[in-house]
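Each chain, letter by letter, is given below.
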Amino acid sequence: MEIPYTVEARPDTGIYNAKVGIWLFLASEVMLFGGLFSAYVLLRVGAEPGTWPHGWQNVTLGTINTIVLALSAITTLLAWVACKVGQFGKFKFFHACTLLFALAFAVIHLNEYHEDLTHYEIHLTNGLIADGHMVENNLKEDYVIIEGRTVNDEKLLYDLRSQKVEESEIKIPRSEIKDMESYGPWHNTYMALDFTMTGLHLLHVVAGSVVIGYLWLFGRKMWETDPARFTNRVEVSGLFWHFVDLVWIFLFPVLYLT
Amino acid sequence: MDATVQQFPPYRKEDAPHAHDEHGHEHHKPGFWSGYVFSTDHKIIGIQYGFTALCFMLFGLFLMLLMRWQIAHPGMPVPIFGPLLEKILGQPAAKGIISPDLYNSFGAMHGTIMIFLGIVPLAFAAFGNYVVPLMIGAVDMAFPRVNMASYQAYFLGGLVMFISFFIPGGAAQAGWTSYSPLATSIPTHGQLFWIIGMVLLITSSLLGAVNFIATIIQLRAPGMTWLRMPFFVWAQFVTAFILLLAFPPLEAAAVMQLMDNAAHTSFFLPTGLAVGGNLAHISGGGSPLLWQHLFWFLGHPEVYVLILPAMGIVTEIIANNTRKPIWGYKSLVYAVLAVGFLSFIVWAHHMYLTGMGTKISTFFQATTMIISIPSVIILTCLFISLWGGSIRFNTPMLFALAFLPMFGIGGLTGLPLGFNISDIHLHDTYYVIAHFHYVVAPGTIFALFAGIYYWFPKMTGRKMNEFWGRVHFWCSLIFMNLVFMPMFAQGMAGMLRRMADGGANYSAAVNARGGAEVIGGLSDNIMALHVWILWAAVALGVAQIPFIINLFWSIKHGEKVGDNPWNSTTIEWQTPTPPPHGNFTREIKVYRGPYEYSVPGHATDFTPQNEPPSGSPAPTVATAH
Amino acid sequence: MSDSHETKTAAPVQTHDEHPVDFNAYARRCGFIFVGILCAIGLMLWISYLPGHTWALKSALILVVAAFNAFVVAGFLMHLLSEKKMIYTVLGFTVFFVAGLFVLTIYAMHDFPTGTQMH
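Residue numbers (the numbering used here), protein chains in the order written: chain A, 1 to 258; chain B, 1001 to 1625; chain C, 2001 to 2119.
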């Protein structure tokens, strides 16, 4: 029993089954990320004026990630083209690049999460606010050391683009700390959106890498018995990967640049 | 390879003479696990979905009975099952009495289970999986392994939901709508389980939707043009699109609520939120309305997911049992497409009382009224189809006929809810409960019963018992109406939803001042209806027993029938019974529309879609089957 | 499994339409596309760091550039520009619904009954 049009296109639609399937799935993914983006717009438009953060993300790392992902999109396409011209070795090369770029993206991004989670906003008993990266937080000691600054108005912490921030090492006795919170998703809605949207995106990066990795590792067998079908699989997984890049194309400016 | 003709193996080797001498076909006899549990065959998966869904629906019915007891006799221990509840659930069911929190969890889970674990899997996944590939002449779904994965995701989601009853703190208690901030403030992990369960169920539906759409687009047999497809396939096609595009925003919202619950974010938690009198330790800045918008963006299209497959089933059965074509096939098709499209832009009629302004409320009111037009067109076509028909009143037809007025009542009672003015009075009352139960219970569920009785012979080669089918029908019809009709009165009198004491706190009896009835209180007559409803609900539950027994008994002992016992024109009946792996034993080519009944001058009163026109050669290699 | 299709050779079957594929031509096109993407990224960065404009204006401009970037990726890398009508139709409906989700939700949360708005 063989299902028709798994490889060759159906004449009236001009497409093979898996391609229909992946585009339908991508349509649902547009709605998924669309839901998140609509949440972003709504929460940002509804925020108190002056409380929406600017410049909290590391634009350099974000730009590098954008370039890395764009490169991976190119290598994904070229891997598929290599299959179309029958050059399996080229396919292996280009998708190896894709996987390396994906790894680089993930590592850089996880590093950004780490930076966020070690960045603290500390409310002091004297009414001031200390804000910076945790350098030393030894529980046996009665102080913490951060690399940052002290401000008297929380509003100054929001728009980092419009100020020059002078950072220095500050030692704070624990007795002066009223409360202390890291820049995790709990910190404010902007961080919540950032972690959730980029987190979901990262999950998609991982999922895409798993699929491409599977084809890369175990593809030779199908390539030798049914190269057209294998090429289609490469194309379909490539389309998913390109979508992942597409989402980042909007995530990057929305979270890093605006 | 001729690209215009599907390549089928001309026949199964097993069917050829002396085929049993040949061997070495690995797919010939799969073992128990790969044949019934990890099957990729759409028929097995359809049955898996159906069986699981029916079990969950029975569980949901049971939850409802417990709730109706509490409403009619608040604070009294549940008879028979009270000690059992106490044993299983502990403190929330102390002394066999359903505590308010437990009532709330029953309410939330009854809704969730019936919709997402019961009706959608049964109407869409079970019937769709079994019948759609057969109806379009395909060998299977386009992606069989994705199909298996979608069932497994559903099963896991159901398991997570079921387990949530037994964790400390109990199951989710914030309604099937899980509104924030309540959903984040309730001190139970049941809410987390609910979200995780929903994510699994949404995944299952998305995979299923992709499969259905791709199959219908790509795997129609030669000659099966779009306008020759049975209406059931159109209904499933639109349903799949609705699931595909409407579920993801809810998934996004569920992820955000998960973050609120587990990571202390404030997506939906407003600044200044106080829980239990204390300021919550959250960042604030969130919006509870955002959850509502994202939820109902799915929530409204979801109700069309519940009704469209039912309409499809009823159409097939009516055509078959009136022995004449459906009136207005093209109107039906355009109407169902319109319903699917419009269903995406009506959602905020569930939110009229959230303080929305008049402009936006008017917009949603307008689209809500407009969407009633194609719905009425569909119902009208079905009614007109009965005119002049030679009606056979078998059990499937009885259920299908009852669907029409029952859905009519449900639909008409939706109109005052769709107008934002009258909705001010009716929102969140029992009127709403009566409205949507009329559409889903004597509406969709009747259609699903009809479908089970109708397609049972194709699955098993036997008919279900007709007498007990009629008993099931009449009892269900009468008791459904006795349960839900009084609720319209209760709702109009102002009785609100989700009250664990059945409204006792608001009743005139409790609030009487010096013997005088309080204006706005619930009168004794209205409160007395609770007891009647309880008895009707119990009777309704009992009425399902003959159905359950009939279902299992008939598998082995029902009246044996041939491949096409209803003399139907659609091609799912052109297979052996039960259909083998690969479905058809000869090449399928479609020559005509789906409802060629009583064609003048024809020898028989039905012509199957794949029967060659007289004078044409038969398709190659038909077996003598 | 008694499959009836012929075993394919290692030579690729051009499963869609067109003209034979020239790898180097494709690679060159990809180079241009990548340069285009880099330009878009640079432009967005430049707009973002422009002093003296409101964030609303800058965001709008940046999103326009991002949309162009997305068009390039979708159109060329996903070859959506040469895709079949059916795919377009599905995506068209999707875009309509996502737009509805955005617009109607935001409108709904900023429409107030007369006289009830606090500020």
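Just so you know, the hints here were simulated from the structure itself, not pulled from any lab data. We treat Cβ as the ideally placed atom computed from N, Cα and C, and that holds for glycine. Where hints are given, some of them may not hold.
[To be verified] Now the stretches of chain A that chain C is said to cover, found in silico as 3 or more residues with beta-carbon under 8 Å:
no.	region
1	84 to 92
2	140 to 151
3	192 to 204
4	238 to 248
[Unchecked claim] Here are the simulated lysine-lysine pairs, DSSO-like style, with alpha carbons at most 27 Å apart:
no.	chain 1	residue 1	chain 2	residue 2
5	B	K1330	C	K2084
6	B	K1589	C	K2058
7	B	K1463	B	K1556
8	C	K2085	B	K1463
9	B	K1330	C	K2058
10	C	K2085	A	K164
11	A	K178	A	K155
Cross-check of the supplied hints:
1. 84 to 92: It holds, with 5 qualifying residues against the three required.
2. 140 to 151: This one is violated; 0 residues, fewer than the three required, reach chain C with a Cβ under 8 Å.
3. 192 to 204: Not satisfied, violated; 0 residues make the cut.
4. 238 to 248: Our answer is that it holds, as 5 residues pass the Cβ test (under 8 Å) against chain C, meeting three.
5. K1330(B) to K2084(C): holds (26 Å)
6. K1589(B) to K2058(C): violated (59 Å)
7. K1463(B) to K1556(B): Answer holds: K1463(B) to K1556(B) is near 10 Å, not above 27 Å.
8. K2085(C) to K1463(B): Status violated; Cα separation ~45 Å.
9. K1330(B) to K2058(C): violated (50 Å)
10. K2085(C) to K164(A): violated (52 Å)
11. K178(A) to K155(A): holds (18 Å)
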